[in-house]
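S.K.: Take the sequences, apply the hints, and build the full model.
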Amino acid sequence: MDPAKHLQHDITVPRSELQPYVRHFLHTYNPSPAPYSLYVPPTGAIYLSYNFGAPQYMRFSDQVLYRLAPLFVGGQLQREMPWTRIQGHSGLAGVEFTATGFHRLFHVDCRALSDRTIAFGDLVGAREANELAAVLGKETTADGRHHWLEHYLMGKVPHAAETDRVDRAVQLIEQASGRIAIDELAERCAVSHRQLNRTFSVVVGVGPKHYAKVVQIRQVLTALDTDDQATLQELAAWAGYYDQAHFIKDFQRLVGTNPLGFLNHPDSFLKSFLTRL
Numbered sequence: 001m002d003p004a005k006h007l008q009h010d011i012t013v014p015r016s017e018l019q020p021y022v023r024h025f026l027h028t029y030n031p032s033p034a035p036y037s038l039y040v041p042p043t044g045a046i047y048l049s050y051n052f053g054a055p056q057y058m059r060f061s062d063q064v065l066y067r068l069a070p071l072f073v074g075g076q077l078q079r080e081m082p083w084t085r086i087q088g089h090s091g092l093a094g095v096e097f098t099a100t101g102f103h104r105l106f107h108v109d110c111r112a113l114s115d116r117t118i119a120f121g122d123l124v125g126a127r128e129a130n131e132l133a134a135v136l137g138k139e140t141t142a143d144g145r146h147h148w149l150e151h152y153l154m155g156k157v158p159h160a161a162e163t164d165r166v167d168r169a170v171q172l173i174e175q176a177s178g179r180i181a182i183d184e185l186a187e188r189c190a191v192s193h194r195q196l197n198r199t200f201s202v203v204v205g206v207g208p209k210h211y212a213k214v215v216q217i218r219q220v221l222t223a224l225d226t227d228d229q230a231t232l233q234e235l236a237a238w239a240g241y242y243d244q245a246h247f248i249k250d251f252q253r254l255v256g257t258n259p260l261g262f263l264n265h266p267d268s269f270l271k272s273f274l275t276r277l
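Just so you know, full-length UniProt numbering puts 139 at position 139 of the sequence shown, and the rest follows in order with no gaps.
Any given hint could turn out to be false.
Below, computed lysine-lysine pairings styled on DSSO-like, alpha-carbon distance capped at 30 Å [as the list claims (entries may be wrong)]:
1) Lys249 to Lys209
2) Lys156 to Lys138
3) Lys249 to Lys213
Source of the hints: derived by calculation from the structure; they are not laboratory data.
M.R.: Okay, structure coming up:
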């Protein structure tokens with residue numbers, strides 16, 4: 001039996017004014033008393049999440065299992081997939097930012113967030129984080145939590161940073177489904193290879209090469225989920241791989257299973273989480 005079938009999850013598109021910064025609002029709730037665990041793969045995004053109900057836990061390979069703060073930020077994932085445990089009768093109300101959105105709204109060097117979670121108060125100050133957590137804590141519905149997260153972020157928009165060059169690089173990567181050489185990317189953005197790497201990493205949290213790989217694999221995930229008749233060779237070629245073994249290796253590293261394993265994966269929540277675009 002798929003334990004993820006107990007999970008209730010909703011994905012909402014933000015209002016137009018927030019769309020340069022926010023990709024989705026997310027809401028997940030586990031109404032079952034049974035806990036649920038999964039590995040979290042890289043998605044190319046930074047998340048702001050509010051944990052309600054029972055506490056939730058996470059572990060990276062170099063850490064012991066630790067309790068997540070009620071309001072926390074999850075940075076870009078580059079080295080590994082952390083393990084998270086969702087307790088019974090608990091949930092997350094969260095924000096999935098665009099590649100540049102978190103930096104633009106909070107003016108943070110996003111390299112400091114990569115491969116870790118951090119209490120939101122450590123970034124914006126305890127008072128601001130506690131005020132947001134307090135209004136979220138009074139809500140009992142997904143719509144109510146969504147309203148306050150959106151209201152809070154709208155207050156940041158007038159002071160948002162401009163990141164035109166990195167936004168252009170992200171756009172080119174996504175238009176190419178991740179299949180673009182970094183030298184070509186730098187040339188089309190009118191910067192040096194070194195400058196692109198540094199600026200992109202500060203704003204996005206990972207370098208353009210890694211981000212392009214995540215975009216590439218996510219496109220494959222969606223194709224794989226909607227066309228189970230495609231062969232691995234066809235998918236590898238479509239994704240721009242000349243070597244099927246290299247394709248499978250990258251897929252395994254970024255998703256935690258091989259392509260056929262993903263297609264037959266019993267975890268319905270993970271499939272939904274990864275294949276949304």
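S.K.: Taking the earlier hints as the rules, which of them does this structure contradict?
M.R.: none
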